[in-house]
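Trainee: Sequence:
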Amino acid sequence: MRRAVSFTVNGRAVELEVEPARPLLDVVRDQLGLLGARRGCETAYCGACTVLVDGLAVRSCTFLAARAAGREITTIEGLERDGALDPLQAAFIEHGALECGYCVPGMILLARSFLTDHPTPSPAEIRRALGSNLCRCTGYLKMIKAVEAVALR
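Counting in our numbering, the sequence shown tops out at residue 663, every number present.
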């Protein structure tokens with residue numbers, strides 16, 4: 511049994527039919543074609559699927575799409591404004607915090623949510639926050655430096 515759900519994705523109103531147990535990750539990727547949220551562990555452990563729901567970082571692989579009703583969803587594709595990258599996106603590039611890139615969209619969205627609540631964090635606070643998302647390539651140092659650079663602006 512499908513259910514109609516209306517929400518906003520990256521500033522655009524959408525109305526979709528979803529199955530009650532369908533994860534938001536599937537809807538964002540398969541129905542909306544927004545591929546920045548990545549499929550990883552599918553158990554809310556790795557964070558590759560992180561999106562913002564009303565500004566808060568959530569693991570979209572376990573967040574049911576039906577729960578998105580009436581909410582604002584932001585994917586990595588929605589951070590860009592008028593052709594300009596979000597400062598975090600630019601900082602990740604500038605600091606070489608990309609490596610394979612698989613975890614980067616989730617890391618950036620996690621950092622965006624974190625900086626909203628902690629605009630002037632210490633490096634240790636940034637490290638703790640980013641540590642909840644897994645990266646197998648970078649060791650996090652360049653990512654921490656990128657977030658720190660944005661926080662200092």
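The set of hints was computed from the structure by calculation and includes no laboratory data.
Check before you lean on any hint, since a few could be wrong.
To be verified - Label pairs and their in silico Cβ distance ranges:
{"no.": "1", "residue 1": "Gly611", "residue 2": "Arg637", "range": "34 to 40 Å"}
{"no.": "2", "residue 1": "Gly543", "residue 2": "Leu595", "range": "34 to 40 Å"}
{"no.": "3", "residue 1": "Leu651", "residue 2": "Glu552", "range": "36 to 42 Å"}
{"no.": "4", "residue 1": "Ser516", "residue 2": "Thr630", "range": "15 to 21 Å"}
{"no.": "5", "residue 1": "Glu552", "residue 2": "Glu525", "range": "21 to 27 Å"}
{"no.": "6", "residue 1": "Ser516", "residue 2": "Leu662", "range": "22 to 28 Å"}
{"no.": "7", "residue 1": "Pro530", "residue 2": "Glu590", "range": "17 to 23 Å"}
{"no.": "8", "residue 1": "Pro629", "residue 2": "Gly521", "range": "41 to 47 Å"}
{"no.": "9", "residue 1": "Gly606", "residue 2": "Asp564", "range": "14 to 20 Å"}
{"no.": "10", "residue 1": "Ala531", "residue 2": "Glu609", "range": "23 to 29 Å"}
{"no.": "11", "residue 1": "Arg637", "residue 2": "Glu587", "range": "37 to 43 Å"}
{"no.": "12", "residue 1": "Glu609", "residue 2": "Arg549", "range": "17 to 23 Å"}
{"no.": "13", "residue 1": "Arg512", "residue 2": "Gly649", "range": "31 to 37 Å"}
{"no.": "14", "residue 1": "Glu525", "residue 2": "Arg646", "range": "34 to 40 Å"}
Unchecked claim - Cut-off 20 Å, straight-line C-alpha distance, at most; resulting in silico cross-link-like pairs (SDA-like, lysine to any residue):
{"no.": "15", "residue 1": "Lys655", "residue 2": "Ser632"}
{"no.": "16", "residue 1": "Lys652", "residue 2": "Ala600"}
{"no.": "17", "residue 1": "Lys655", "residue 2": "Thr630"}
{"no.": "18", "residue 1": "Lys652", "residue 2": "Arg638"}
{"no.": "19", "residue 1": "Lys652", "residue 2": "Gly606"}
{"no.": "20", "residue 1": "Lys655", "residue 2": "Ala579"}
{"no.": "21", "residue 1": "Lys655", "residue 2": "Phe624"}
{"no.": "22", "residue 1": "Lys652", "residue 2": "Thr630"}
{"no.": "23", "residue 1": "Lys655", "residue 2": "Pro631"}
{"no.": "24", "residue 1": "Lys652", "residue 2": "Ala634"}
{"no.": "25", "residue 1": "Lys655", "residue 2": "Leu644"}
{"no.": "26", "residue 1": "Lys655", "residue 2": "Gly641"}
{"no.": "27", "residue 1": "Lys652", "residue 2": "Arg663"}
{"no.": "28", "residue 1": "Lys655", "residue 2": "Asp627"}
{"no.": "29", "residue 1": "Lys655", "residue 2": "Arg637"}
{"no.": "30", "residue 1": "Lys652", "residue 2": "Leu662"}
{"no.": "31", "residue 1": "Lys652", "residue 2": "Glu604"}
{"no.": "32", "residue 1": "Lys655", "residue 2": "Gln599"}
{"no.": "33", "residue 1": "Lys652", "residue 2": "Gln599"}
{"no.": "34", "residue 1": "Lys655", "residue 2": "Pro629"}
{"no.": "35", "residue 1": "Lys655", "residue 2": "Leu625"}
{"no.": "36", "residue 1": "Lys655", "residue 2": "Glu635"}
{"no.": "37", "residue 1": "Lys655", "residue 2": "Ala634"}
{"no.": "38", "residue 1": "Lys655", "residue 2": "Asp564"}
{"no.": "39", "residue 1": "Lys655", "residue 2": "Glu582"}
{"no.": "40", "residue 1": "Lys655", "residue 2": "His628"}
All C-beta atoms in this analysis are idealised placements derived from N, C-alpha and C, irrespective of residue type, glycine included.
Trainee: All hints are to be evaluated individually against the structure, with a verdict given for each.
Mentor: Evaluated hints:
1. Gly611 <-> Arg637: 34 to 40 Å: violated (20 Å)
2. Gly543 <-> Leu595: 34 to 40 Å: Between Gly543 and Leu595, where Cβ atoms are some 20 Å apart, the hint is violated.
3. Leu651 <-> Glu552: 36 to 42 Å: violated (28 Å)
4. Ser516 <-> Thr630: 15 to 21 Å: violated (37 Å)
5. Glu552 <-> Glu525: 21 to 27 Å: Check passed, 26 Å falls within 21 to 27 Å.
6. Ser516 <-> Leu662: 22 to 28 Å: violated (39 Å)
7. Pro530 <-> Glu590: 17 to 23 Å: Taking Cβ atoms as reference, Pro530 and Glu590 lie about 32 Å apart, which means the hint is violated.
8. Pro629 <-> Gly521: 41 to 47 Å: violated (23 Å)
9. Gly606 <-> Asp564: 14 to 20 Å: violated (32 Å)
10. Ala531 <-> Glu609: 23 to 29 Å: violated (34 Å)
11. Arg637 <-> Glu587: 37 to 43 Å: violated (27 Å)
12. Glu609 <-> Arg549: 17 to 23 Å: Between Glu609 and Arg549, where Cβ atoms are some 18 Å apart, the hint holds.
13. Arg512 <-> Gly649: 31 to 37 Å: Since Arg512 and Gly649 have Cβ atoms about 44 Å apart, the given range 31 to 37 Å is violated.
14. Glu525 <-> Arg646: 34 to 40 Å: holds (38 Å)
15. Lys655 <-> Ser632: holds (11 Å)
16. Lys652 <-> Ala600: holds (13 Å)
17. Lys655 <-> Thr630: Judged against 20 Å, a Cα distance of about 13 Å means the pair holds.
18. Lys652 <-> Arg638: Distance ~14 Å between Lys652 and Arg638 Cα, so the pair holds.
19. Lys652 <-> Gly606: holds (6 Å)
20. Lys655 <-> Ala579: Violated: Lys655 and Ala579 sit about 36 Å apart, past 20 Å.
21. Lys655 <-> Phe624: holds (15 Å)
22. Lys652 <-> Thr630: holds (18 Å)
23. Lys655 <-> Pro631: holds (12 Å)
24. Lys652 <-> Ala634: holds (14 Å)
25. Lys655 <-> Leu644: holds (17 Å)
26. Lys655 <-> Gly641: holds (14 Å)
27. Lys652 <-> Arg663: Distance of about 17 Å is within 20 Å: holds.
28. Lys655 <-> Asp627: holds (18 Å)
29. Lys655 <-> Arg637: Holds, because 10 Å separates the two Cα atoms, which is no more than 20 Å.
30. Lys652 <-> Leu662: holds (15 Å)
31. Lys652 <-> Glu604: holds (10 Å)
32. Lys655 <-> Gln599: holds (13 Å)
33. Lys652 <-> Gln599: Holds, at roughly 13 Å.
34. Lys655 <-> Pro629: holds (15 Å)
35. Lys655 <-> Leu625: OK: Lys655 and Leu625 at ~13 Å, within 20 Å.
36. Lys655 <-> Glu635: holds (12 Å)
37. Lys655 <-> Ala634: With a Cα-Cα distance of about 11 Å, the restraint between Lys655 and Ala634 holds, given a limit of 20 Å.
38. Lys655 <-> Asp564: violated (26 Å)
39. Lys655 <-> Glu582: violated (29 Å)
40. Lys655 <-> His628: Judged against 20 Å, a Cα distance of about 15 Å means the pair holds.
The structure fails to meet hints 1, 2, 3, 4, 6, 7, 8, 9, 10, 11, 13, 20, 38 and 39 from the earlier list, while all remaining hints are met.
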